[in-house]
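**Student:** One letter stands for each residue in the lines below.
2 protein chains.
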Amino acid sequence: MNKILVIGLMSGTSVDGIDAALVEICDRRGMITTNLIAGHTYEYDADLRKEILAVCAGEPRSLQQICELDDRVAESFAQAAIAIMEKGDRIPNLIASHGQTVFHRPPEFREEEDGKTELGYSVQLGRGAVIAELTGLKTISDFRTADIEAGGQGAPLVSMVDALLLTDPHKYRACQNIGGISNVTYLPPSSMPKHHEVFGFDNGAGNVLLDMAVQKLFGEPFDRDGAIARQGEADLVLINQWLEQEFFVTEPPKSTGRELFSPAYLEKCLAECHDLSNYDIMATLTEFTARAIYKSYNEFLPVFPDEVLISGGGSHNRYLIERLQELMYPTEVMSIDKLGISTDSKEAIAFAVLGYLRLKKRNGNLPSVTGAMRSVLLGKIFP
Amino acid sequence: MNKILVIGLMSGTSVDGIDAALVEICDRRGMITTNLIAGHTYEYDADLRKEILAVCAGEPRSLQQICELDDRVAESFAQAAIAIMEKGDRIPNLIASHGQTVFHRPPEFREEEDGKTELGYSVQLGRGAVIAELTGLKTISDFRTADIEAGGQGAPLVSMVDALLLTDPHKYRACQNIGGISNVTYLPPSSMPKHHEVFGFDNGAGNVLLDMAVQKLFGEPFDRDGAIARQGEADLVLINQWLEQEFFVTEPPKSTGRELFSPAYLEKCLAECHDLSNYDIMATLTEFTARAIYKSYNEFLPVFPDEVLISGGGSHNRYLIERLQELMYPTEVMSIDKLGISTDSKEAIAFAVLGYLRLKKRNGNLPSVTGAMRSVLLGKIFP
Numbered sequence: 001m002n003k004i005l006v007i008g009l010m011s012g013t014s015v016d017g018i019d020a021a022l023v024e025i026c027d028r029r030g031m032i033t034t035n036l037i038a039g040h041t042y043e044y045d046a047d048l049r050k051e052i053l054a055v056c057a058g059e060p061r062s063l064q065q066i067c068e069l070d071d072r073v074a075e076s077f078a079q080a081a082i083a084i085m086e087k088g089d090r091i092p093n094l095i096a097s098h099g100q101t102v103f104h105r106p107p108e109f110r111e112e113e114d115g116k117t118e119l120g121y122s123v124q125l126g127r128g129a130v131i132a133e134l135t136g137l138k139t140i141s142d143f144r145t146a147d148i149e150a151g152g153q154g155a156p157l158v159s160m161v162d163a164l165l166l167t168d169p170h171k172y173r174a175c176q177n178i179g180g181i182s183n184v185t186y187l188p189p190s191s192m193p194k195h196h197e198v199f200g201f202d203n204g205a206g207n208v209l210l211d212m213a214v215q216k217l218f219g220e221p222f223d224r225d226g227a228i229a230r231q232g233e234a235d236l237v238l239i240n241q242w243l244e245q246e247f248f249v250t251e252p253p254k255s256t257g258r259e260l261f262s263p264a265y266l267e268k269c270l271a272e273c274h275d276l277s278n279y280d281i282m283a284t285l286t287e288f289t290a291r292a293i294y295k296s297y298n299e300f301l302p303v304f305p306d307e308v309l310i311s312g313g314g315s316h317n318r319y320l321i322e323r324l325q326e327l328m329y330p331t332e333v334m335s336i337d338k339l340g341i342s343t344d345s346k347e348a349i350a351f352a353v354l355g356y357l358r359l360k361k362r363n364g365n366l367p368s369v370t371g372a373m374r375s376v377l378l379g380k381i382f383p
Numbered sequence: 001m002n003k004i005l006v007i008g009l010m011s012g013t014s015v016d017g018i019d020a021a022l023v024e025i026c027d028r029r030g031m032i033t034t035n036l037i038a039g040h041t042y043e044y045d046a047d048l049r050k051e052i053l054a055v056c057a058g059e060p061r062s063l064q065q066i067c068e069l070d071d072r073v074a075e076s077f078a079q080a081a082i083a084i085m086e087k088g089d090r091i092p093n094l095i096a097s098h099g100q101t102v103f104h105r106p107p108e109f110r111e112e113e114d115g116k117t118e119l120g121y122s123v124q125l126g127r128g129a130v131i132a133e134l135t136g137l138k139t140i141s142d143f144r145t146a147d148i149e150a151g152g153q154g155a156p157l158v159s160m161v162d163a164l165l166l167t168d169p170h171k172y173r174a175c176q177n178i179g180g181i182s183n184v185t186y187l188p189p190s191s192m193p194k195h196h197e198v199f200g201f202d203n204g205a206g207n208v209l210l211d212m213a214v215q216k217l218f219g220e221p222f223d224r225d226g227a228i229a230r231q232g233e234a235d236l237v238l239i240n241q242w243l244e245q246e247f248f249v250t251e252p253p254k255s256t257g258r259e260l261f262s263p264a265y266l267e268k269c270l271a272e273c274h275d276l277s278n279y280d281i282m283a284t285l286t287e288f289t290a291r292a293i294y295k296s297y298n299e300f301l302p303v304f305p306d307e308v309l310i311s312g313g314g315s316h317n318r319y320l321i322e323r324l325q326e327l328m329y330p331t332e333v334m335s336i337d338k339l340g341i342s343t344d345s346k347e348a349i350a351f352a353v354l355g356y357l358r359l360k361k362r363n364g365n366l367p368s369v370t371g372a373m374r375s376v377l378l379g380k381i382f383p
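In order, the protein sequences belong to chains W and Z. Here this note's numbering is used: the first residue of the first sequence is 1, the next is one more, and so on. Here this note's numbering is used: the first residue of the second sequence is 1, the next is one more, and so on.
Treat the hints with caution; some may be incorrect.
What the hints assert, rightly or not - In silico DSS-like links for lysine-lysine, alpha-carbon gap of 30 angstroms or less:
#: 1; chain 1: W; residue 1: K380; chain 2: W; residue 2: K138
#: 2; chain 1: Z; residue 1: K361; chain 2: Z; residue 2: K380
#: 3; chain 1: Z; residue 1: K87; chain 2: Z; residue 2: K138
#: 4; chain 1: W; residue 1: K360; chain 2: Z; residue 2: K138
#: 5; chain 1: Z; residue 1: K254; chain 2: Z; residue 2: K216
#: 6; chain 1: W; residue 1: K361; chain 2: W; residue 2: K254
#: 7; chain 1: W; residue 1: K138; chain 2: W; residue 2: K3
#: 8; chain 1: W; residue 1: K360; chain 2: Z; residue 2: K380
#: 9; chain 1: W; residue 1: K360; chain 2: Z; residue 2: K361
#: 10; chain 1: Z; residue 1: K361; chain 2: W; residue 2: K138
#: 11; chain 1: Z; residue 1: K360; chain 2: W; residue 2: K361
#: 12; chain 1: W; residue 1: K380; chain 2: Z; residue 2: K361
#: 13; chain 1: Z; residue 1: K338; chain 2: Z; residue 2: K171
#: 14; chain 1: Z; residue 1: K254; chain 2: W; residue 2: K138
#: 15; chain 1: W; residue 1: K254; chain 2: Z; residue 2: K380
#: 16; chain 1: Z; residue 1: K380; chain 2: W; residue 2: K138
#: 17; chain 1: W; residue 1: K380; chain 2: Z; residue 2: K254
#: 18; chain 1: Z; residue 1: K50; chain 2: Z; residue 2: K380
#: 19; chain 1: Z; residue 1: K380; chain 2: W; residue 2: K361
#: 20; chain 1: Z; residue 1: K360; chain 2: W; residue 2: K380
#: 21; chain 1: W; residue 1: K361; chain 2: Z; residue 2: K138
#: 22; chain 1: W; residue 1: K216; chain 2: W; residue 2: K254
#: 23; chain 1: W; residue 1: K361; chain 2: W; residue 2: K87
#: 24; chain 1: W; residue 1: K380; chain 2: Z; residue 2: K138
#: 25; chain 1: W; residue 1: K361; chain 2: Z; residue 2: K361
#: 26; chain 1: W; residue 1: K254; chain 2: Z; residue 2: K138
#: 27; chain 1: W; residue 1: K361; chain 2: W; residue 2: K380
#: 28; chain 1: W; residue 1: K360; chain 2: Z; residue 2: K360
#: 29; chain 1: W; residue 1: K338; chain 2: W; residue 2: K171
#: 30; chain 1: Z; residue 1: K380; chain 2: W; residue 2: K380
#: 31; chain 1: W; residue 1: K268; chain 2: W; residue 2: K254
#: 32; chain 1: Z; residue 1: K380; chain 2: Z; residue 2: K360
#: 33; chain 1: Z; residue 1: K360; chain 2: W; residue 2: K138
Worth flagging that the hints you see were computed from the coordinates, not collected in a lab. These numbers were taken from a predicted model, which means no experiment stands behind them.
With the rest of the complex left out, here is chain W (with noise of 0.2 angstroms):
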């Protein structure tokens, strides 16, 4: 039995902070666990996050100033890392850094060049350089590009931990992440012959929406427990127009981020919502996101689950999953925490496991789930 103690870092779309998990990884001949030793989420620093999000809603900077920002986002993962590892009685072995998203392209197919692919593109701050210069820890990051350099989306990723971690012998299940962004794994039964593959994609604004609605109309930084939203009546009319947009109808592979539901998405759904009241809209954008993962469920899932397993921020939200319960009766849809997975560090915990994976030099994505041409190691070693 293989043993190691490993960071688990990452920043989501939300900006909200740094998630550091500190997990302890077992691998049995190949079936990983993990035991999570603690788990924390480290705030930015409010100017530092601010500035995140302007780089992210596509304010223009220089170079130079973007280099800075990489770097100063480096030494917050760095700090988040060190001050997690004073919580376990050994030093860790390793720092598997997601680091920050700042902007997402998914890869275009090109009719006109052979089939060739546009590659996407993805760009996370925090080089691991910097913070394994800082923490003196080997520290993995970047673990999107050879993801994406291979013709895939970058994105999800989770989806193999998902498998690794969560699929069941009998049951077929859904991991839903529902963050800043949602984004679902679907894991068939381990006793299906092989040919039922895992896969995954992002289904949808997490989130990222909510949180930007219920501040501007309301002032909060977001909706707690969906308390707002539960007030209010979803306009389904409304709902189902927005479900016909692009990015709903697109067969997976796909994924998304801000560049989609950016500020203007939400300008753009509020000029829509012109004579509901704030409750109505929030119930409306809340309604939105669920049935954004409902129907995703049965357009793109070839069985739709037994299980559905809820993670990320939104499973906070009790409005959003009574909603959900409700849409998927009677599928069980429940928190992961049911599984013994921390909701709040399974990211962190998962980047652990990619980062686990670089270290043994077993690939880490899943091209069903992300659309690479092929299977490759993910993420960069530093030093």
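Knowing the structure of chain W, use the given hints to seat chain Z on it.
**Tutor:** Leaving out everything else, chain Z in the frame of chain W:
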């Protein structure tokens, strides 16, 4: 004997265009020789060049614009590779592409943090994954990053190739490249004991200041043969003041770029030349370029060289070469063409050789030149 055909691609700080070299590399037990089959400079599209220069000058852009520019540069490099390939009689084994530098920041020693370094930063546009995708050839790019991650300047990298190709058994040589920026490699004779180390560093603005000045003062793209400067008289008092600036008195390792020798830098020079004629200004800037090189030899080279081998665009500036010849006398100053290596293709040939080294898993940086903590593999292989 190992023989392979490599395309070397390079565009320097002048951003004139893409130097492409189709090079046959012969390796007899580590003794490397090169044979240039074809060399050509492919001009950038005017709009593309303008945008590159804007980004170099620190003009702000959104990340999306930067990513699109990266791909446009990569496409131009791929086109240059395809064009030069057609001048050969077989398919090359490899493309080695330096890309287009748009930002360069040397590392800084941080006294307050146990002697840790703030790592340098160097950004080359034209990602190798796109060049590989568009040409179908194995491509190596991103040559500077690994050296920077090892604490080095990431520059000059050509010194390794100078040492491999141009070391003389008995003479002390300096390989002086005068591109946008000037850089020198110091080559002790191979008959000397091993502790006489090869080293090199950037030693001033090359053509970048001269070109900007002649464009501004005379509306010419460059001072052909140095004919304009030759008509003026240099102000030695000013030049000696300028040579006291921090960059010139700093001990190697050191590297620089357009960040220092910027339009603002030129404006400061011009302001200090207030009572000089435009011809005198060009003479002064040309003499400044020559004396920066001469002074750096006197101050930083262990032995004044017996021969100086000039390469780069500056080797066509006859007046500048004459000034160097007079300053260096009795040292012989000559174009590297005399040794059978094309001046104009030298940098592209050098990256072809660095690509070959990477392919053979031979380290490509010289820590004595770049200041890196260790010798490392340079470049990333696609796919």
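**Student:** Taking the hints in turn, state whether each one holds.
**Tutor:** Hints, one by one, checked against the model:
no.: 1; hint: W:K380 - W:K138; in the structure: holds, 11 angstroms
no.: 2; hint: Z:K361 - Z:K380; in the structure: holds, 11 angstroms
no.: 3; hint: Z:K87 - Z:K138; in the structure: holds, 19 angstroms
no.: 4; hint: W:K360 - Z:K138; in the structure: holds, 26 angstroms
no.: 5; hint: Z:K254 - Z:K216; in the structure: holds, 29 angstroms
no.: 6; hint: W:K361 - W:K254; in the structure: holds, 26 angstroms
no.: 7; hint: W:K138 - W:K3; in the structure: holds, 16 angstroms
no.: 8; hint: W:K360 - Z:K380; in the structure: holds, 20 angstroms
no.: 9; hint: W:K360 - Z:K361; in the structure: holds, 21 angstroms
no.: 10; hint: Z:K361 - W:K138; in the structure: holds, 22 angstroms
no.: 11; hint: Z:K360 - W:K361; in the structure: holds, 21 angstroms
no.: 12; hint: W:K380 - Z:K361; in the structure: holds, 17 angstroms
no.: 13; hint: Z:K338 - Z:K171; in the structure: holds, 16 angstroms
no.: 14; hint: Z:K254 - W:K138; in the structure: holds, 28 angstroms
no.: 15; hint: W:K254 - Z:K380; in the structure: holds, 27 angstroms
no.: 16; hint: Z:K380 - W:K138; in the structure: holds, 20 angstroms
no.: 17; hint: W:K380 - Z:K254; in the structure: holds, 27 angstroms
no.: 18; hint: Z:K50 - Z:K380; in the structure: holds, 28 angstroms
no.: 19; hint: Z:K380 - W:K361; in the structure: holds, 17 angstroms
no.: 20; hint: Z:K360 - W:K380; in the structure: holds, 20 angstroms
no.: 21; hint: W:K361 - Z:K138; in the structure: holds, 22 angstroms
no.: 22; hint: W:K216 - W:K254; in the structure: holds, 29 angstroms
no.: 23; hint: W:K361 - W:K87; in the structure: holds, 28 angstroms
no.: 24; hint: W:K380 - Z:K138; in the structure: holds, 20 angstroms
no.: 25; hint: W:K361 - Z:K361; in the structure: holds, 18 angstroms
no.: 26; hint: W:K254 - Z:K138; in the structure: holds, 28 angstroms
no.: 27; hint: W:K361 - W:K380; in the structure: holds, 11 angstroms
no.: 28; hint: W:K360 - Z:K360; in the structure: holds, 24 angstroms
no.: 29; hint: W:K338 - W:K171; in the structure: holds, 16 angstroms
no.: 30; hint: Z:K380 - W:K380; in the structure: holds, 11 angstroms
no.: 31; hint: W:K268 - W:K254; in the structure: holds, 22 angstroms
no.: 32; hint: Z:K380 - Z:K360; in the structure: holds, 13 angstroms
no.: 33; hint: Z:K360 - W:K138; in the structure: holds, 26 angstroms
Violation of the numbered hints given earlier is absent; every hint is satisfied by the structure.
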